[in-house]
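**Q** Could you build the full structure based on these sequences and the hints that come with them?
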Amino acid sequence: MSIYLPIAELPVNILLIFGLGIAVGFISGMFGVGGGFLMTPMLILVGIPPSVAVASVPSHMAASSLTGTISYWRKKLVDSGLGLVLLSGGLLGTAAGVWVFSLLRRAGQLDLIINLSYIVLLSIVGTLMIVESIRALWRSMHGQQAVLRRPGTHSWFHGLPLKFRFRQSRIYVSAIPVTAIGFGVGFLGALMGIGGGFLLIPALIYLMRVPTAVSVGTSLFLTLFTMLAATVLHAVENRSVDIVLAFTLMVGGVIGAQSGARAGQAVRAEQLRFLLGLLVVAVAIRVGGDLLTKPAELFSVISSEAAK
Amino acid sequence: MNLRKANAALLTALILPAFAAPAAHAERLVTSLSTHRVLISSNFTGTSLVLFASIEESDAPRDKPKKYDVAITVRGPATTFVTRKKERILGLWVNYGSRRYPETPSYLAVLTNRPPTEFGPLALQTKYKLGLSIAALPPVISNDDEFGEALLRVKKAEGLFHEQTNAVTFLTPTLFRATLPIPGVAPTGPYEIDVQVFANGALAAQQSTAIEVVKTGFEADVAHLARDSRLDYGLGVAFLAIVVGTLAGLIFRRS
Numbered sequence: 005m006s007i008y009l010p011i012a013e014l015p016v017n018i019l020l021i022f023g024l025g026i027a028v029g030f031i032s033g034m035f036g037v038g039g040g041f042l043m044t045p046m047l048i049l050v051g052i053p054p055s056v057a058v059a060s061v062p063s064h065m066a067a068s069s070l071t072g073t074i075s076y077w078r079k080k081l082v083d084s085g086l087g088l089v090l091l092s093g094g095l096l097g098t099a100a101g102v103w104v105f106s107l108l109r110r111a112g113q114l115d116l117i118i119n120l121s122y123i124v125l126l127s128i129v130g131t132l133m134i135v136e137s138i139r140a141l142w143r144s145m146h147g148q149q150a151v152l153r154r155p156g157t158h159s160w161f162h163g164l165p166l167k168f169r170f171r172q173s174r175i176y177v178s179a180i181p182v183t184a185i186g187f188g189v190g191f192l193g194a195l196m197g198i199g200g201g202f203l204l205i206p207a208l209i210y211l212m213r214v215p216t217a218v219s220v221g222t223s224l225f226l227t228l229f230t231m232l233a234a235t236v237l238h239a240v241e242n243r244s245v246d247i248v249l250a251f252t253l254m255v256g257g258v259i260g261a262q263s264g265a266r267a268g269q270a271v272r273a274e275q276l277r278f279l280l281g282l283l284v285v286a287v288a289i290r291v292g293g294d295l296l297t298k299p300a301e302l303f304s305v306i307s308s309e310a311a312k
Numbered sequence: 009m010n011l012r013k014a015n016a017a018l019l020t021a022l023i024l025p026a027f028a029a030p031a032a033h034a035e036r037l038v039t040s041l042s043t044h045r046v047l048i049s050s051n052f053t054g055t056s057l058v059l060f061a062s063i064e065e066s067d068a069p070r071d072k073p074k075k076y077d078v079a080i081t082v083r084g085p086a087t088t089f090v091t092r093k094k095e096r097i098l099g100l101w102v103n104y105g106s107r108r109y110p111e112t113p114s115y116l117a118v119l120t121n122r123p124p125t126e127f128g129p130l131a132l133q134t135k136y137k138l139g140l141s142i143a144a145l146p147p148v149i150s151n152d153d154e155f156g157e158a159l160l161r162v163k164k165a166e167g168l169f170h171e172q173t174n175a176v177t178f179l180t181p182t183l184f185r186a187t188l189p190i191p192g193v194a195p196t197g198p199y200e201i202d203v204q205v206f207a208n209g210a211l212a213a214q215q216s217t218a219i220e221v222v223k224t225g226f227e228a229d230v231a232h233l234a235r236d237s238r239l240d241y242g243l244g245v246a247f248l249a250i251v252v253g254t255l256a257g258l259i260f261r262r263s
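Chains as they are written, first to last, in this note's numbering: chain A, 5 to 312; chain B, 9 to 263.
Do not rely on the hints blindly, as some may be mistaken.
[Stated by the list, open to error] Pairs of lysine-lysine residues, derived as DSS-like cross-links and limited to a Cα-Cα distance of at most 27 Å, are as follows:
(1) K75(B) x K164(B)
(2) K75(B) x K298(A)
(3) K93(B) x K164(B)
(4) K135(B) x K75(B)
(5) K164(B) x K223(B)
(6) K298(A) x K94(B)
(7) K298(A) x K167(A)
(8) K80(A) x K167(A)
(9) K298(A) x K135(B)
In case anyone wonders, no lab produced these hints; they're calculated from the structure.
**A** In structure tokens form, the structure reads like this:
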């Protein structure tokens, strides 16, 4: 069943797009990641122009993360205070990331920088998560208590001022490192064209010692706001948000996100971290493989209007 | 500059034979196209136009009827293409060289009754831009240009460049028909259609016409909003995301 996309200016198989929405929405709801790092490349593979794909995916992420947020909110697994502090840093980081993005684009090797940062970041984060979660699984299998949260241990940043108590997360930390994490995630997210959930969740779990489920819920909450902002920005700046594409992805996305959120809450936290680690490493291998193997078509053609 | 040159060349090609017409060729071409507006609505997946044309011969002696050749060239709105080549640097395949192709048709179809190489000498093909590569690429670029070849290859695979050497059917020796494909991926805008008739290795008659590919109804409204009311449109899509997300949250609560 084909439908014509008014902004992308081509007909697409609507069921295929809907299916993509469900699949990525499921992953999004389960792990609390936006799913942009999966969705954008898939849409480009289907033939959607990259500018339209990049601009339309954020609204899909906003819808999926909203329904995910609602689901986590009911179970009191969203720390809105922590989310808002993260958001303040995140918005600054996004602005900085957009600025560096245009600098790199002028230098002409944006694709390479993006791909290399994907590989480096994803493989480090993914490997750390896999190693840690296997250890945690090993401990629990041998009947030992998981010792992720050590009440007595303090990192250096616990000495910083501006301390807040984030109730849901059961942490009492300074707003400064939280804002810094928000900034870093926003910066890399804007630079790499992703929501940054897969960076934020490990940062919250391992640096801030936030429980896994609350990290996921809070990440969804943050993704909701950054992606709503990104949708409006893309519409104003690039005029390439396709509402038909966005709506199809959204409807598929929320259905997938609901079942994903349930699946995510059903599995144990260590297993969830292990699976997310696997997913992140798989994407790193995929991007790395593309860079290392000889492509079937060495040439690519873009219309220079689209490149602007 | 390039545009002006190309236009000048095109004008010369169009005007010169017209001035020379009474002496040089005694044929007149009458064409009829099934439509001049292709309307894009939500179920658009491409369409095709039918072109009928008749070669009106003057009352020249009919002792040996001429055999005609026909070339129909359909050109979509001009754009600038950039072809990039990947090369292996430090073990990684990265974009290295690139070449710009300004003033290239965003859609191009060359339809003939037989391969244009059989129409006459090479000079004829070059002069009247017969064939896909000659029609698509600027003349200064030589044939062994790998970037140009890649451009043709990629665009053919996307369905935007199209060449068919048996697309023109003669119903009588002077009446022919052709089907012009407009694929779903065709860009919107004005399209030029040039019909050229050759006899004995020389241009006998030609006729230019135009069509327009436009969005209609909902598709046109959306494109219009996205272009002219950017902020409202962006807020609208964001609001839609909130509605869809909230509705899903409410519906799934029950189950």
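**Q** Please flag the earlier hints that this structure goes against, numbers listed from lowest up.
**A** 1, 2, 7, 9
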